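Number of protein chains: 2
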Amino acid sequence: MPYYRIPEMDPLSPAEGVEIRVIHGERMTLAFFRVSAGARVPEHAHPHEQIGTVIRGVMDLAVGDETFTVRTGDAYHVPGGVPHSGYCGEETELVEAFCPVREDMR
Amino acid sequence: MPYYRIPEMDPLSPAEGVEIRVIHGERMTLAFFRVSAGARVPEHAHPHEQIGTVIRGVMDLAVGDETFTVRTGDAYHVPGGVPHSGYCGEETELVEAFCPVREDMR
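Residue numbers (this note's numbering), protein chains in the order written: chain A, 1 to 106; chain B, 107 to 212.
Source of the hints: derived by calculation from the structure; they are not laboratory data. Just so it is clear, the structure is predicted and the values come from calculations on it, not from any experiment. Note that the Cβ used here is the ideal one computed from N, Cα and C, for glycine as well. Only true hints are included.
A short, non-exhaustive set of chain A residues, derived as facing chain B with CB atoms under 10 angstroms:
{"id": "1", "residue": "Ala75"}
{"id": "2", "residue": "Phe98"}
{"id": "3", "residue": "Cys99"}
{"id": "4", "residue": "Pro100"}
Put together the whole structure using the sequences plus the hints.
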């Protein structure tokens, strides 16, 4: 059954204070991030296109040479290949879609 | 700047009580649904793969010949081409990713 209880899934933890629970489809991945207060997603880049949104909290998001603060109800687009990073001053939940599938998150 | 304040965007309204605000990337669409209490998303199908999650509320979701109830923190996958529909007994917010881009939502 194509149905998931996200909080019950085992997380990946690519950086201290960052948990990611992921659903992989055939052509895309939906990833659920929980970032602790004071935690960072270090700068990285991937060929996958990324569209994300803040479910709860706040993140200072750097995309290429721009930095902006995204809050609950905000969304952002990161084109494939563009370096980006994040810092969350409080506990924050994000949902991010990636295309194609993030094989590195299996 | 690839940055959006979702509540300030103009919605599409494909059915009574259903508002959708959308961000289109190059290869996918992220759609923000607000469904009023008692509103339905009528049965429909599209070739796009779909992965969704409930941000707030509850939805009775029928996918193919299965029906299940999804609540805050749940997620679901709808393969391309499979008929599906939803009913929300209370005001509900969903985020759904589609691949490829939903040209019909431009």
